[in-house]
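There are 2 protein chains.
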Amino acid sequence: MLTEVYKEMLGAKSVIRDLAGRAAERGREIGYENVFDYSLGNPSVPVPDAINKSMIRMLTEMDSRSLHGYSPNPGIPEVRDAVASSLSKRFGIPYKREHIFMTSAAASALAHAFRIVTSPGDEIITFAPFFPEYRPYVNLSGAVLKCVSPDTESFQINFDEFESMINEKTMAVLINSPNNPSGVVYSEETVKKLSGMLSDAQKKYSHAIYIISDEPYREIVFDGKEAPCISKYYDNTIMCYSYSKSLSLPGERIGYMAVNPAAEGADILVDMAVQVSRGIGHNCPSSIMQRAIAENIDLTADLSVYEKNMNLIYDKLVSLGFTVVRPGGTFYIFPKALEEDSVAFCNKALKYDLVLVPGDSFMAPGYFRMAYCIDTEKVERSLPVIEKFVRSEY
Amino acid sequence: MLTEVYKEMLGAKSVIRDLAGRAAERGREIGYENVFDYSLGNPSVPVPDAINKSMIRMLTEMDSRSLHGYSPNPGIPEVRDAVASSLSKRFGIPYKREHIFMTSAAASALAHAFRIVTSPGDEIITFAPFFPEYRPYVNLSGAVLKCVSPDTESFQINFDEFESMINEKTMAVLINSPNNPSGVVYSEETVKKLSGMLSDAQKKYSHAIYIISDEPYREIVFDGKEAPCISKYYDNTIMCYSYSKSLSLPGERIGYMAVNPAAEGADILVDMAVQVSRGIGHNCPSSIMQRAIAENIDLTADLSVYEKNMNLIYDKLVSLGFTVVRPGGTFYIFPKALEEDSVAFCNKALKYDLVLVPGDSFMAPGYFRMAYCIDTEKVERSLPVIEKFVRSEY
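Chains as they are written, first to last, in this note's numbering: chain S, 2 to 395; chain C, 2 to 395.
Please note: incorrect hints may appear among the correct ones.
You can't tell identical chains apart in this list, so a pair holds if it fits in one copy or across any two.
Pairs of lysine to any residue residues, derived as SDA-like cross-links and limited to a Cα-Cα distance of at most 25 Å, are as follows [claimed, not checked]:
hint : residue 1 : residue 2
1    : LYS8      : ASN140
2    : LYS90     : LYS317
3    : LYS8      : SER55
4    : LYS309    : VAL391
5    : LYS226    : THR301
Think of the hints as simulated: they come from the structure by calculation, not from any bench.
All chains, please: the whole structure from these sequences, using the hints.
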């Protein structure tokens with residue numbers, strides 16, 4: 002009999018996908034270059050040549066049975082070594098092969114992390130605004146997602162509400178900094194306060210509470226800064242990473258889960274992830290992609306365009322009187338809408354061929370998201386359109 | 002708190018992996034060419050050049066953002082079209098894009114299929130001997146795996162026991178033909194009888210019972226035959242396929258789930274699979290692998306070596322007096338051991354550097370599996386060693 006859980010989910014439509022679909026449709030009418038589509042968080046910069054060159058070289062030179070052959074479930078040993086050594090050097094944390102579990106990008110890393118540290122009914126707390134998929138990701142793992150409402154002043158953490166939400170069922174906290182959709186990077190102060198509160202809660206409830214740190218935007222940080230590395234501030238941290246954004250290859254599905262060597266259970270968490278894989282049909286990410294990553298371990302695509310776009314948009318929005326927190330990274334910005342109903346606001350924008358996503362999708366109604374991973378030239382052309390929209394409607 | 006489910010699984014070791022490890026260790030002592038390692042089902046024939054050439058061409062010519070960009074969750078539309086059209090032509094079943102769901106190989110296809118057609122506590126029946134991973138695959142999905150003991154005469158289906166096991170909780174039957182580990186292909190008679198019994202059971206219990214047909218060895222069939230296509234005999238069939246064996250690229254994790262267009266719910270099963278993906282962290286198989294497959298849709302590696310190896314081994318085993326069913330496909334053979342305790346039998350074989358896997362792992366004690374996906378030259382060298390082992394020990 003078809004399971005009701007998944008059948009019932011069929012009705013719900015993704016607002017973002019729906020908007021992207023409308024943008025594409027409008028594009029067919031007036032030319033996609035005339036639609037200012039800020040809906041989708043899809044990397045717009047090319048994949049570094051070095052990645053493609055590595056792949057071509059391997060396809061040309063390697064024995065095809067080795068190249069395309071089975072990878073052990075937690076990943077090819079040399080690839081895990083390369084990831085561990087790169088993380089160690091960068092963050093000064095002694096990661097070793099046994100702490101690294103290669104995954105089909107961040108979604109898969111999260112799916113494993115949730116299942117390792119929670120039993121059905123346990124709670125995972127996250128902070129609005131957040132990526133809407135967190136809800137099915139967590140709830141379908143058997144755990145329960147609890148959401149702290151946004152600190153709209155700064156999009157850091159609403160600690161008062163967070164504190165009231167922690168209880169004996171809290172097994173993990175899911176964070177995402179640099180953040181989709183706000184673009185905000187958690188400050189050192191935020192990370193320290195979070196870490197302190199969780200340490201206290203661990204003592205109070207006599208069990209580990211893990212931070213599951215979803216970090217696909219780690220490499221996209223502005224003003225020459227680095228995002229505070231959560232694992233440096235809190236031992237029980239499971240880092241979930243994806244190369245989708247930093248290398249512009251979201252379709253290849255490659256990333257990893259990195260367990261802090263100082264975490265409780267650090268010696269068995271990756272082995273447990275291997276067991277999780279058996280249940281969810283994960284075996285390993287593509288072998289050739291694993292090898293291509295390892296050969297180019299510290300490489301990123303040229304991500305500078307995102308900062309350029311952010312500055313153009315931020316300055317324009319400020320000049321038009323928007324209330325907006327300046328993004329510290331990612332390719333998103335999350336301004337306050339000019340009316341309370343952000344769905345209505347975004348619908349009005351559509352008339353100007355401006356595709357914006359209402360904050361309701363991210364548990365922060367009254368705001369809207371712009372994904373500025375588009376060509377700078379298009380961003381520039383969109384600025385007078387944004388101005389026209391605002392002047393005419395508000 | 003670390004979940005007990007996965008923690009408890011850590012103790013259990015895979016007998017096959019353990020044996021493969023011992024074979025590798027012995028190989029370091031005496032040279033791997035002197036270890037007759039029949040433990041692992043890892044394809045030994047090269048990947049067709051055309052696959053690598055397609056990949057090199059795409060890496061050279063395509064825009065990297067398109068090539069490595071997000072694939073829609075159920076797969077790239079043109080790739081799904083190519084799979085549907087190839088299956089339609091071959092089996093005369095009108096598959097369309099909407100029936101095809103691209104997956105990270107068969108394990109992932111199965112993980113989706115189980116979750117679509119069962120709710121927690123529902124039962125899935127399978128037939129010994131079977132791939133040992135079926136148990137965690139099914140049980141960790143929330144369903145319960147029930148096992149019919151083997152029909153050791155022919156390794157077809159023990160229908161009497163099967164009939165007694167069907168009840169109102171039976172939602173699916175999981176089959177694998179050509180079969181790992183027996184090498185047997187279900188005959189048309191078997192498939193018709195299975196189909197008839199399930200049709201009756203569907204009426205009796207007033208709900209659909211799906212056949213989940215795991216077909217990674219579909220292309221490896223001997224004597225110029227084809228394995229009966231299950232979907233042709235039973236409407237409610239969900240085919241789970243992998244290119245791991247037919248194209249020798251198990252590390253690239255690519256395959257699909259194909260829903261019979263005549264199945265109950267055929268219009269929503271793939272959409273439901275998309276929802277399942279959200280929970281288990283699956284997004285799509287690698288984009289470049291999807292495209293490489295589509296460009297070479299009807300291609301296989303040169304699989305003839307497996308039949309050659311099978312004949313050599315089968316003839317030798319028969320001449321030595323083994324009771325053995327001649328494989329109709331795959332790269333496995335599953336003879337009866339020369340003593341009741343097949344673990345003891347395989348341990349004795351190890352002294353001759355013959356690595357065989359006890360049937361206990363496949364729920365068929367008293368038998369043993371040989372995976373003859375190794376070079377023919379090595380198979381030939383192993384024959385006198387098998388003879389020596391048998392003559393000396395029995």
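Inset, instruction - State whether the alpha carbon distance between LYS90 and LYS317 is at most 25 Å within one copy, between copies, both, or neither. - result: neither (39 Å within a copy, 57 Å between copies)
Inset, instruction - Evaluate LYS8 and ASN140 at a C-alpha cut-off of 25 Å and name the case that applies: within, between, both or neither. - result: So LYS8 and ASN140 pass the 25 Å test inside a copy (15 Å) and across (21 Å) alike.
Legend entry - LYS226 and THR301: within-copy, between-copy, both or neither at 25 Å Cα: within (16 Å within a copy, 50 Å between copies)
Inset, instruction - State whether the alpha carbon distance between LYS309 and VAL391 is at most 25 Å within one copy, between copies, both, or neither. - result: within (22 Å within a copy, 74 Å between copies)
Legend entry - Intra- versus inter-subunit Cα pairing at 25 Å for LYS8 with SER55: The answer is neither: 43 Å in one copy and 38 Å across copies each exceed 25 Å.
Of the numbered hints listed earlier, those contradicted by the structure are 2 and 3.
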